[in-house]
Amino acid sequence: MNVVACVKVVPDDQDLTVSPDYTLDFDRARPSISTYDLNAVEEGVRLVEDNGGSLKVLTVGDSSIDDSKLKKNILSRGADDLLMVADEDMKAMDAHQTACALKAALAKIDSYDLILCGDGSADLYAQQVGAQLGQLLGIPVINCVSKITVENGAVIAERTLEHEVEILEIPMPAVISVTSDINLPRIAGMKQILAAGKKPAVVLRATDLEYAALATIEVLETLAPKETDRKHIIIEGDSDEAIAAFIANVAKVI
Amino acid sequence: MDFGLSEEQELLFENLADLVEREWDEEAYNDCYYNKHCYPRDFIMKLQEAGFTMLGVPEEFGGTPVDTVTMVMFAKELARMTGASLPCASNAISIDDILSFGSPEQQRIVLDYVAQNGSAPFALGFSEPQAGSDSSGILTTATRKDGKVYISGHKTMVTDADTSPYLLCITKNLEEPVAFKAMSMWLVPMDAPGVRLEPLHKIGLRTSGFHEVYLENVELPESSLLGVEGAGFMQLMKNFEIERLMLVAIGVGMAEAAFEEVARYANYREQFGKPLGQFQLIQEKITDMAIKLENMKNIIFKTAWEKDNGRSVQIGSALAKRYCAMASFEVLDEAMQIMGGMGYTEESRISRMWLDARHLRIAGGTDEIMVHIAGRAILKNYK
Ligand SMILES: Cc1cc2nc3c(=O)[nH]c(=O)nc-3n(C[C@H](O)[C@H](O)[C@H](O)COP(=O)(O)OP(=O)(O)OC[C@H]3O[C@@H](n4cnc5c(N)ncnc54)[C@H](O)[C@@H]3O)c2cc1C
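For the record, the sequence lines run as chains A and B. Quick note on numbering that gives the first Met the number 0: the first sequence kicks off at 0 and runs consecutively. Quick note on numbering that gives the first Met the number 0: the second sequence kicks off at 0 and runs consecutively.
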């Protein structure tokens with residue numbers, strides 16, 4: 000079976016700095032794999048190990064994602080190859096634009112049986128792209144999947160909901176968003192890292208795709224919260240009054 | 000001059016950091032160290048699964064070949080991230096003698112064991128009570144009778160003797176006057192009749208055993224010989240320069256771990272109404288520690304680079320061993336000083352690293368023997 004794992008490239012949050020005017024400075028932040036998408040990649044690797052086939056990673060974003068180390072990082076996680084669309088026209092896309100771009104990029108792939116997405120992105124975490132992509136492709140789509148097996152050409156997916164575990168049989172092709180506890184993404188060893196540089200990685204521009212999507216969201220500002228000094232309010236004891244006072248104080252801040 | 004890492008090296012250390020963050024359990028390690036006296040097997044097996052214990056081993060043996068610089072950096076980084084002395088970072092060097100000179104059967108024993116345990120299956124039996132720095136003075140012998148070989152002698156300070164299935168035993172032909180032509184290597188099963196262990200109690204490195212090994216007429220088949228008879232010393236010396244670098248790289252990593260910890264500590268621990276770091280006496284310590292760390296990293300990485308570029312490291316490796324063994328301990332000692340009394344307790348890993356690093360001035364060739372090697376060689380260059 001041929002699996003495509005969708006990966007978002009986000010700025011490494013460890014390198015983000017807050018400027019004096021509370022805007023975020025991304026200058027020193029190197030592109031990195033959105034954490035939750037590592038679970039999608041790992042699940043793809045596992046499914047291909049169990050059922051044969053191949054795993055392709057698909058990513059779309061601005062031109063900064065066309066980064067040699069990032070490509071090796073992605074490919075060291077067990078995928079067979081990478082399709083990247085990197086273009087300044089794809090800067091800061093919203094979920095709708097991203098889903099449209101992924102659909103257009105998928106048109107460049109010969110065949111796929113399953114498309115895997117992460118639970119949400121590490122920067123925006125809107126949890127929208129998987130659902131919108133399924134809708135645009137007109138194929139089955141589900142999220143919150145915590146276990147996947149393949150039987151007789153169909154996907155058996157488990158969704159862990161609040162009070163129950165739902166088990167669904169889904170025909171392929173389908174889009175599935177996996178939870179972050181579906182698996183533990185493997186650590187890439189030096190062998191995989193060295194091999195990654197030799198795996199095929201195709202980089203396209205927006206003009207190579209049939210893609211046009213208008214932004215549905217306008218970002219006015221992204222600001223870090225202002226720091227305040229600790230209030231040092233200490234409420235002692237476990238009496239009802241103390242607990243009520245504690246709740247009243249918590250309520251003030253939320 | 001390029002001091003940057005390659006993308007592959009950066010990814011290697013990022014993955015190692017992820018693994019350490021996920022799998023390193025400081026409490027479990029302290030239990031191994033202070034109570035159980037064993038290696039942190041679960042953690043080592045995680046390193047093994049990711050292929051990190053086979054770094055530097057040729058591909059044909061299932062490893063991942065990397066250059067010496069990467070191996071030395073890996074040993075340093077593993078020690079920095081864990082604060083522990085884990086010899087499995089140097090497997091490639093320890094098992095190279097077997098892979099280079101051993102029979103296919105001996106190679107298989109070693110590779111299978113590393114695959115299952117993440118470490119080499121043998122302890123090194125070289126030192127003897129009367130032969131430490133002067134290893135030419137060993138008296139353990141191998142004698143032949145009726146197609147069998149009989150080993151007799153007394154080895155001492157044998158690391159891991161109690162947990163290793165084999166002893167890589169160095170014997171001497173007492174009739175051969177040229178010391179380096181007199182030695183041979185044998186793989187002696189530890190459970191062979193005639194092998195007896197007596198424990199020694201190290202003050203540091205408490206995850207590994209330390210033993211006297213008595214060998215009394217231990218009968219072996221001829222196939223226990225490793226490599227060529229009489230070439231044992233040359234075989235053992237094949238990698239000793241890199242071995243020294245790998246050994247002190249662990250000390251450098253532990254010193255760096257302690258430095259990072261106490262630099263943070265100095266920023267928040269307050270005495271006399273201000274953080275320790277605001278006292279110039281503490282700033283001086285931090286500064287001198289940073290200088291030593293820079294010097295140590297420069298000398299080990301540069302020497303590794305020289306090796307990778309086909310240059311002689313005879314002097315360089317001795318300088319690196321002598322300098323880093325001493326400087327890493329000095330940095331750890333100052334780290335303990337900045338920590339104060341808590342640094343002298345088992346609650347702080349600084350005391351553990353301090354105990355561990357001290358052995359670097361003795362094992363793998365003492366500080367003084369490094370002068371013996373480097374001093375003569377340097378002067379010879381100016382004759
Ligand atoms: C933690 C640890 C692990 C070890 N593991 C092993 C092991 O697994 N297998 C093994 O075979 N051995 C092992 N050893 C032994 C180690 O190789 C020896 O300790 C080392 O070679 C020094 O020998 P020695 O202890 O007999 O000291 P000695 O050689 O007796 O030296 C005592 C002192 O005299 C100095 N000295 C000696 N000769 C000279 C000279 N010519 N000029 C000036 N000063 C001199 C030394 O530098 C030292 O300061 C280990 C040692 C330690 C500490």
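Hint data in this document are derived by calculation from the structure and do not stem from the laboratory. Keep in mind the model is a prediction, meaning the values are calculated, not measured. A couple of the hints might just be wrong.
Claimed, not checked - To spell it out: a stretch of chain B is covered by chain A in this simulated footprint if at least three of its residues, at any positions, have a beta carbon under 8 Å from a beta carbon of chain A; those stretches are:
| no. | stretch |
| --- | --- |
| 1 | 50-62 |
| 2 | 133-141 |
Stated by the list, open to error - Calculated pairs, BS3-like style, for lysine-lysine (alpha carbon to alpha carbon, straight line, at most 30 Å):
| no. | chain 1 | residue 1 | chain 2 | residue 2 |
| --- | --- | --- | --- | --- |
| 3 | B | K147 | B | K45 |
| 4 | B | K237 | B | K301 |
| 5 | A | K190 | B | K237 |
| 6 | A | K197 | B | K301 |
| 7 | A | K68 | B | K45 |
| 8 | A | K102 | A | K90 |
Using N, Cα and C, we set each Cβ at its ideal position, and we do this for glycine too.
Hints and how they fare:
1. Evaluation of the coverage hint for the stretch 50-62 of chain B: fulfilled, as 3 residues show C-beta separations to chain A shorter than 8 Å, against a requirement of three.
2. For the stretch 133-141 of chain B, the proposed coverage by chain A is not satisfied: 0 residues have a C-beta within less than 8 Å of a C-beta in that chain, short of the threshold of three.
3. The hinted pair formed by B:K147 and B:K45 fails the criterion: a straight-line CA distance of about 41 Å is larger than 30 Å.
4. For the given pair, B:K237 sits about 20 Å from B:K301 by alpha-carbon distance, which is consistent with the 30 Å threshold.
5. Restraint check for A:K190 and B:K237: the C-alpha separation of about 25 Å stays at or below 30 Å, so the hint holds.
6. For the hint linking A:K197 to B:K301, the alpha-carbon distance of about 29 Å falls within 30 Å, and the restraint holds.
7. For the given pair, A:K68 sits about 24 Å from B:K45 by alpha-carbon distance, which is consistent with the 30 Å threshold.
8. Straight-line distance between C-alpha atoms of A:K102 and A:K90 comes to about 17 Å, which keeps the hinted pair within the 30 Å bound.
Hint check: violations occur at hints 2 and 3; the rest are consistent with the structure.
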